[in-house]
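Line by line, the protein sequences are chains X and L.
Heads up: the first sequence begins at 1 in UniProt numbering, then just goes up one per residue.
Heads up: the second sequence begins at 1 in UniProt numbering, then just goes up one per residue.
Worth flagging that the hints you see were computed from the coordinates, not collected in a lab.
There may be inaccurate statements among the hints.
[What the hints assert, rightly or not] Derived Cβ-Cβ restraints for the label pairs, each shown as a range: (1) Ala-283(X) to Asp-25(L): 26 to 34 Å; (2) Glu-385(X) to Pro-21(L): 28 to 36 Å; (3) Pro-53(L) to Ala-63(X): 37 to 45 Å; (4) Ala-396(X) to Asp-25(L): 20 to 28 Å; (5) Ala-32(L) to Ala-97(X): 48 to 56 Å.
[As the list claims (entries may be wrong)] Below, in silico cross-link-like pairs of lysine to any residue (SDA-like), each with a Cα-Cα straight-line distance of 20 Å or less: (6) Lys-5(L) to Ala-14(X); (7) Lys-5(L) to Arg-26(L); (8) Lys-5(L) to Val-333(X); (9) Lys-5(L) to Arg-231(X).
Every residue gets a Cβ at the ideal spot worked out from N, C-alpha and C, and that includes glycine.
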Amino acid sequence: MQPYELSLTRAADAIRNRQLSPVELVDSVLQRVEQVEPRLHAYVTVTAEHARRAAREAEKDIAAGRHRGPLHGIPMGLKDLIDVADMATSAGSRVRAGHRAQADSTVAARLTAAGAVLIGKTHTHEFAYGLITPQTRNAWDADRVAGGSSGGSAVAVAAGTATFALGTDTGGSIRVPAALNGVVGLKPTYGLVPRHGVTSLSWSLDHVGPLTRTVEDAALVLSALAGHDPRDPASLTAPATDYRPGADADLTGLRVGVPRSYYFDHVEPEVEAAVRRAVDRLAGLGARLVDVEIPMTRYIQATQWGLMVPEATTYHEGTLRTVPDLYQADVRVLLEAGALMPAGDYLRAQRSRTLMRQEWARVFQEVDLIAAPTVPVTAVRAGQETITWADGTVEAVSDAYVRLSAPANITGIPSLSIPVGHDTAGLPIGMQLLGRPLGEDVLLRAGHAYQQTHPAPARTLTPTA
Amino acid sequence: MSCPKLTAPEAARWAARAGLPLPPDRHGAVAAVAHHIHTVVAVLRELDFGDAPLAPAYRADQEMPDAAV
């Protein structure tokens with residue numbers, strides 16, 4: 001096994017035990033970048049020299065006994081919506097030509113302080129307003145979409161060109177590409193991870209979180225990211241926590257909700273079968289399965305759009321007037337159309353969110369987590385715009401990819417996507433675990449138990465080479 | 001919930017009122033997308049909101065003091 005293939009947890013253990021140096025790890029990842037990046041296009045910018053220098057410093061510090069923790073010397077990718085001082089935050093857009101961030105975002109600063117080594121900035125769908133990331137190829141099949149908007153981050157982790165990465169999630173943009181590329185994606189509770197210095201799509205729906213190869217890896221990254229920052233008005237004051245799950249895979253007593261409605265409607269049979277097998281696996285570990293009814297399903301898309309569309313347009317108000325031609329066509333028309341939404345629609349969406357949060361809280365009185373597909377279909381072919389379901393219903397690909405993710409953005413609850421197999425075309429399938437606000441520990445415990453005991457662990461790295 | 005289709009001239013007028021004057025070649029496309037968004041969002045008018053307030057900022061720490069399991 002090459003160093004680039006190691007999970008974060010295994011790499012961190014090897015570094016701590018002096019079996020691997022950060023220089024060896026970073027060199028291996030950079031060689032992997034040279035090998036596969038020309039085909040995958042996960043990165044906007046690769047900071048190879050910076051990474052080698054940082055790795056040498058990490059090696060020196062660790063040799064001198066100054067080991068900062070599990071992220072010290074670990075190569076990472078950051079979605080190119082996340083500010084890193086003196087680097088451009090292109091947001092996947094020509095609108096940002098010539099941009100240079102003056103300071104680190106909170107998350108970049110925290111990861112740097114933890115000793116992580118930046119490999120580069122990863123591609124995003126323009127301003128995170130889309131589910132495809134057209135610049136990037138799926139790590140399992142170059143003819144398929146990477147998913148988005150954190151497509152570059154997911155592909156980099158899946159392909160071994162980053163040991164972990166960060167993404168953002170406004171309507172599934174961490175979890176969707178994680179599912180489509182066979183990696184773990186965590187959208188934390190709204191406000192748990194500060195967004196200061198991260199380009200916004202929709203303030204009331206935006207989250208930042210990790211993409212990793214294992215659940216345990218996601219826990220390690222979350223532990224470094226979480227914590228109050230007054231510069232993000234939504235930032236929570238929850239105390240610092242070590243999220244690393246214990247080794248015990250016994251889930252006895254855990255109540256796992258299985259949706260009777262919504263999450264298994266208009267879902268590819270192979271996706272449904274894989275997720276139900278994974279749910280049965282949780283039951284095999286001792287969890288009690290409980291049927292649950294998902295509330296207010298008729299209003300999920302309306303609430304998501306009623307919040308996101310006007311907030312996104314407002315963020316871009318200035319540049320939409322001055323340089324509209326610099327936006328891609330799909331994003332420009334959405335931003336322009338958002339200017340036509342009456343305030344009453346936005347306010348109704350905010351009130352609907354209040355009702356939805358109350359209803360979801362009631363569901364979580366009956367269960368400790370809910371297990372469901374992350375996305376209803378695996379990665380579609382690049383250029384495919386719609387999906388026709390067995391009953392003849394036609395759905396836009398982007399609507400299908402957001403559909404099962406949006407509830408967690410609207411309600412702010414945490415959601416963890418984990419790989420649970422492949423379809424007959426060899427494409428990854430994801431299951432999401434949804435929990436109570438600040439219930440990340442429960443999701444990580446259940447997800448880790450699943451991954452520890454899965455009878456035939458899927459390859460965590462793609463066969464791309 | 002049906003609603004008359006937004007026309008291109010209406011989209012142009014609404015956009016201008018919103019402070020975003022659109023060039024003529026944008027009117028049709030923006031009208032079509034705005035109409036689609038409207039048809040999706042309009043279902044919220046069915047809801048009985050009672051006294052439900054806005055949710056401008058979600059604060060999990062204030063809502064779920066017993067969130068840990």
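Okay, which hints does this one fail, numbers in order? Hint check: 1, 3, 5, 6, 9 fail, others pass.
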